[in-house]
Amino acid sequence: MDTDELPEAEAIRLAQQGNASAFERLYRLHNRRVYSLCLRMVGNTAEAEDLTQEAFLQLFRKIATFRGESAFSTWLHRLAVNVVLMKLRKKSGTETSLDEMTEPDEESGGPRRDFGTPDLRLSGSIDRVNLQRAVEQLPPGYKAVFVLHDVQGYEHNEIAEIMQCSIGNSKSQLHKARMRLRELLHEAMRDKAREDRKAASAESGGED
Amino acid sequence: MATITCKDVLDRLDSWMGDDPPSDVQAHLHNCPNCRSLVDDLKAIRREASSWRAEEIEAPSRIWTSLKSQLEQEGLIHENGRADAAKTAWFGGWLAELPRPALAGAYLALLIAGAFALSRPANKQANEARWLAASEDSTLPLRAQLTAEQDSFASFNNENPAVAASLNKNLAIVDNYIALCEKSVQEEPQNEVARDYLYEAYRQKADLLAQMTERGENR
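From first to last, the protein sequence lines are chains A and B. 1 is the number of the first residue of the first sequence in our numbering; add one for each residue after it. 209 is the number of the first residue of the second sequence in our numbering; add one for each residue after it.
I should point out that these hints are in silico values taken from the structure, not numbers from a laboratory. Glycine included, C-beta positions come from ideal geometry on N, C-alpha and C. Mixed in with the good hints there might be a few duds.
Now the in silico label distances, taken between C-beta atoms and shown as ranges [said to hold, decoys possible]:
id: 1; chain 1: A; residue 1: T65; chain 2: B; residue 2: E280; range: 39 to 49 Å
id: 2; chain 1: A; residue 1: R13; chain 2: B; residue 2: T211; range: 37 to 47 Å
id: 3; chain 1: B; residue 1: A387; chain 2: A; residue 2: E8; range: 55 to 65 Å
id: 4; chain 1: B; residue 1: I265; chain 2: A; residue 2: K62; range: 19 to 29 Å
id: 5; chain 1: B; residue 1: S274; chain 2: A; residue 2: M86; range: 18 to 28 Å
id: 6; chain 1: B; residue 1: D216; chain 2: A; residue 2: Q16; range: 43 to 53 Å
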């Protein structure tokens, strides 16, 4: 059988024996998702490439220990998320747990309560650039859950397995991530409106 | 219909975000511009984020090239998987004729030696003598165990000449691979993979001899 057609389970079995073609097959099957995850998490192609390579390297080093208790893709994503979170922790210069990588409400410790303001609507003003910019500002824990759920389409039970947390925790992190994103996007909108006003005022001042 | 509060809407958001809201939430949203704004915003964020899914792209090919080179350097992969499979089948057929414990020991030794032979160590270091000494120290207890097992096996040889002939043939195979591992460690003492394989080869031989002796005692 051509290795390009090898079913995943067979590729795993052969890779456990050190077969180079089987390693390549597994890489081809999963590299898009892993690379996208890394790219969305760090927002930088060079770093995303390094992290993708590191995640697969860790996977292949440990593949002999894979016994199929969880789906292979879940296992791989867990490794990839851990690799990215480690990188983000190093960047921020702190060793923190997943729970600490979030921003609890200062008073209650729970999610921030934000019932919205009717005068500022994001709908229609969100695009890839400003959303990506806002995602980059999220704390790592929020970012991971948001990318896994809203971008990659994983369910909360799968995210709980990948992140090794409870389903409730995954739901709560996602809610906080979306609320924080909304705040960040509103801030960006306000900043842009302010700049536009300044530019208009400078323009009209120049005409006088 | 029971009226719900803004807090209720927020608490229940996750349960219906992907679908139409339940009727009581709909009624609340109709009358509450703040909640309507919030829900519209969150839906817009979710919509934009999910559109990224279709944009997943292949990672640059240099990642696989670099990854493969790293895996080869660490001795984790070997080329020509199909050729290896054919060799394994040939050995499998030949070894099928041999007693089961001998088969297990010899087969493991072959795998170890095969992987070892294909491992490509990194740069040579200047401190080879130190590595070699460390390697000898680490295998000393095993080599002592091996000598003891060989003594026990010698008495088994005398009592079971026919079986012993077959087993000796298998032991010779394992010994050949041990010799290969030892030679490689001598040549490249800093190669940790080589030392691991040598250690494992000794261990396999000790296990094999122990199994043989046990088998002889049970006859």
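Hint numbers not upheld by this structure, sorted from lowest to highest: Of the numbered hints given earlier, those the structure breaks are 1, 2 and 3, listed in rising order.
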